[in-house]
Amino acid sequence: MSTSLPKTPAASEGRYNRPFGRVDKYAAASCKFWDNVGACRHGSKCAKLHNRPLRSKTVMFWKIYNNPVRTYYNKSRDEENRKNGEFVTLNPEIDEEKLRQEANRLYQDLFVELSIKFGEVSAIVICGNYNLHLGGNVLVKFKSERSAAKCFAECNDRWYNGKPIFCDLSPVKFIDDAICKDYANGRRCERGDQCNLIHARNIEPSLVKMLNASQRAYYKSLESVE
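Numbering-wise (the numbering used here), the sequence shown opens with residue 34 and increments by one.
Keep in mind that the hints were calculated from the coordinates and are not lab data.
Computed from a predicted structure; not experimentally measured.
Hints may be right or wrong, so weigh each one.
[Unchecked claim] In silico DMTMM-like cross-links for lysine to aspartate or glutamate, where the CA-CA straight-line distance does not exceed 20 Å:
#, residue 1, residue 2
1, K96, D68
2, K176, E146
3, K206, D68
4, K214, D226
5, K206, E153
6, K96, E135
7, K150, E256
8, K81, D68
9, K253, E153
10, K183, E135
11, K242, E146
12, K96, D142
13, K176, E187
14, K242, D226
15, K196, E135
16, K65, D210
17, K206, E237
18, K174, E153
19, K96, D215
20, K214, E119
21, K131, D215
[What the hints assert, rightly or not] Cβ pair distances, simulated, as ranges:
#, residue 1, residue 2, range
22, G219, S254, 32 to 40 Å
23, K214, K253, 32 to 40 Å
24, E130, G219, 36 to 44 Å
25, S254, A62, 44 to 52 Å
26, S254, G195, 29 to 37 Å
27, A80, R179, 30 to 38 Å
28, R179, R115, 43 to 51 Å
29, A217, K131, 19 to 27 Å
30, S177, S77, 28 to 36 Å
31, K242, K214, 21 to 29 Å
32, A250, G118, 45 to 53 Å
33, K65, A250, 22 to 30 Å
34, M243, S77, 34 to 42 Å
35, K206, K131, 31 to 39 Å
Beta carbons: idealized from backbone N, C-alpha and C, even for Gly.
Sequences and hints are given; from them, build the entire structure.
Next comes the structure, spelled out in structure tokens:
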């Protein structure tokens, strides 16, 4: 993660349209996908409430992973002006090996930088979905709300891989609730590209083990100094 590149405008300045949905009193119920996954297919047009937490251990990095989109939901109206919609299928060239390598590199870059700069990292989930609202997102869960708050406050002014970073505190409390169990267990997901749960990219187990061991050793060394 580069700190030498120029800073981007603050997220609140509107350079990136986050899918927050309804935040007013007319939204009668919370959106379960927003609460459990941190993203919603309907985005800012969702009729349900997208709660924006002031405190959380989880941070959502929007579109930081270069994952292609194969489908998206196109809202339209029919001949009688009734709301309609359909899934549009694209045909991008997909190199799974390249995506796997990029996922491993991104995982390591994020883990090392965020752990050292902000605090201990509990989990990182890279969304491997090929749909528009999930593809490319990364969930990072810290061990403390303070670490997550520092990450959110500072990372929106940074760049990664030639692109500005956009992140937010996420309502996701339990990472397991955000992940598609069928896909995670090697079974066929019936919803495919339309799945609203995360199809997590598999990271090399040896890399995850090495990074976790290094993090434990690093923070143990800090305790001994104190």
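Hint check:
no.	hint	verdict
1	K96 to D68	holds (19 Å)
2	K176 to E146	holds (15 Å)
3	K206 to D68	holds (8 Å)
4	K214 to D226	holds (15 Å)
5	K206 to E153	holds (16 Å)
6	K96 to E135	holds (13 Å)
7	K150 to E256	holds (16 Å)
8	K81 to D68	holds (11 Å)
9	K253 to E153	holds (11 Å)
10	K183 to E135	violated (26 Å)
11	K242 to E146	holds (17 Å)
12	K96 to D142	holds (15 Å)
13	K176 to E187	holds (18 Å)
14	K242 to D226	violated (30 Å)
15	K196 to E135	holds (15 Å)
16	K65 to D210	holds (10 Å)
17	K206 to E237	violated (24 Å)
18	K174 to E153	holds (9 Å)
19	K96 to D215	violated (24 Å)
20	K214 to E119	violated (26 Å)
21	K131 to D215	violated (24 Å)
22	G219 to S254: 32 to 40 Å	holds (38 Å)
23	K214 to K253: 32 to 40 Å	holds (34 Å)
24	E130 to G219: 36 to 44 Å	violated (19 Å)
25	S254 to A62: 44 to 52 Å	holds (48 Å)
26	S254 to G195: 29 to 37 Å	holds (33 Å)
27	A80 to R179: 30 to 38 Å	holds (34 Å)
28	R179 to R115: 43 to 51 Å	holds (50 Å)
29	A217 to K131: 19 to 27 Å	holds (22 Å)
30	S177 to S77: 28 to 36 Å	holds (30 Å)
31	K242 to K214: 21 to 29 Å	holds (23 Å)
32	A250 to G118: 45 to 53 Å	holds (52 Å)
33	K65 to A250: 22 to 30 Å	violated (39 Å)
34	M243 to S77: 34 to 42 Å	holds (40 Å)
35	K206 to K131: 31 to 39 Å	holds (33 Å)
Of the numbered hints stated above, those contradicted by the structure are hints 10, 14, 17, 19, 20, 21, 24 and 33, listed in ascending order.
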